[in-house]
Amino acid sequence: MFTLLAYALAIGCLVVSLARDRDRTRTAFRKAVAAFTGILPDFAAVLGIVGLVLTFLSPKTVAGLIGAGTGFVGMVITSLIGAVTLIPGFVAFPLAKSLLDRGAGMAQIAVFVSTLMMVGFVTAPLEIRYFGKKVTILRNGLAYLYSFIVAFIIGLVVR
Amino acid sequence: MVREALRYRAFILIIVADVAIWAVWPSAGVTVLRHTFSNFAQMASVLPPVFLLIGLLDVWVPKETLMRFLGDRSGFLGVAISIVLGAAAAGPLYAAFPVAAIMMRKGAKFSNVIVFLGSWSTLKIPMVLFEASALGARFAITRWVASVLGVTAMALIIDRAVTKDEKRAIYARHEMI
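Read top to bottom, the protein sequences are chains A and B.
By the count of the working numbering, the first sequence reaches residue 165 at its end, each step adding exactly one.
By the count of the working numbering, the second sequence reaches residue 702 at its end, each step adding exactly one.
Hints are not guaranteed to be accurate.
Stated by the list, open to error - List time: in silico SDA-like cross-link candidates among lysine to any residue, alpha-carbon distance up to 20 Å: (1) A:K66 with A:K103; (2) A:K103 with B:R685; (3) A:K140 with B:R685.
Just so you know, the hints here were simulated from the structure itself, not pulled from any lab data.
The whole structure should be built from the sequences, with the hints applied where relevant.
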């Protein structure tokens with residue numbers, strides 16, 4: 007859906023751009039290709055790592071690990087899993103729901119969802135290429151800690 | 526040719542590891558390669574329009590225009606626009622990085638770029654809708670509101686923690702494409 011919209015937008019802009027100035031459009035196209043090929047090696051490496059992580063930390067494995075702990079220890083475990091894995095939303099949310107139904111704690115699930123989205127351990131090499139080590143560590147580190155606050159708030163509001 | 530291959534050394538190493546896994550544990554190896562392939566397929570479908578839009582933005586939108594809305598003096602409006610830009614997106618976080626790069630190239634304020642990244646990572650509306658259908662509106666809305674505050678606060682902290690010189694060095698990375 008997003009992809010379709012993005013293509014429609016990009017093609018629309020491309021047509022307008024072509025109609026207004028062919029040379030500029032050619033420059034834009036060249037820049038797009040250069041930006042892509044410039045970063046492709048890092049993308050390729052990260053996608054390779056994600057392939058490995060998804061295999062050994064599959065949604066099934068994750069479900070088993072999350073069921074294991076309760077209380078704060080459980081939150082630490084699920085937050086670490088959320089930080090390391092890269093499960094797409096359409097798999098993660100139903101998974102989280104089924105874990106809740108099977109008796110997992112609200113705070114554990116909330117910290118899992120939050121770290122899953124905000125903290126990207128495997129995509130860090132790519133983030134470092136764009137923003138440098140310091141910013142990447144700060145952003146992911148703060149997001150990790152903040153996920154506990156989010157979980158705490160959700161624990162209060164959602165019963 | 527050799528230099529080009531050298532740039533892919535990390536990727537080549539991972540593929541070698543994948544093949545090694547496949548050799549000692551074929552079923553896992555096949556799964557790894559299948560996942561890797563589908564990741565590439567996803568990237569190949571998501572990234573072309575993103576990079577094309579980045580290229581077009583680069584040649585058509587003057588730096589002054591973007592700075593007016595997202596630059597050093599954009600204030601609260603700049604933060605709001607950064608949140609909306611990130612939240613309107615969907616798709617993996619890695620697609621946000623090149624967009625953030627063009628924002629920096631066009632003179633967006635550093636803290637706004639970080640807000641945008643945070644927003645893209647966790648406030649994406651299409652995803653939140655899906656979250657609400659699976660985990661309930663109360664869960665999704667609470668997390669969204671808490672995250673808006675967090676994303677903004679974290680950007681301010683990071684903005685303070687990173688020195689002017691460090692910011693200049695990061696921006697310099699994106700001056701040329």
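Results of checking the hints against the structure:
no.: 1; hint: A:K66 with A:K103; in the structure: holds, 14 Å
no.: 2; hint: A:K103 with B:R685; in the structure: violated, 38 Å
no.: 3; hint: A:K140 with B:R685; in the structure: holds, 12 Å
When the structure is compared with the earlier hints, a violation turns up for hint 2 alone.
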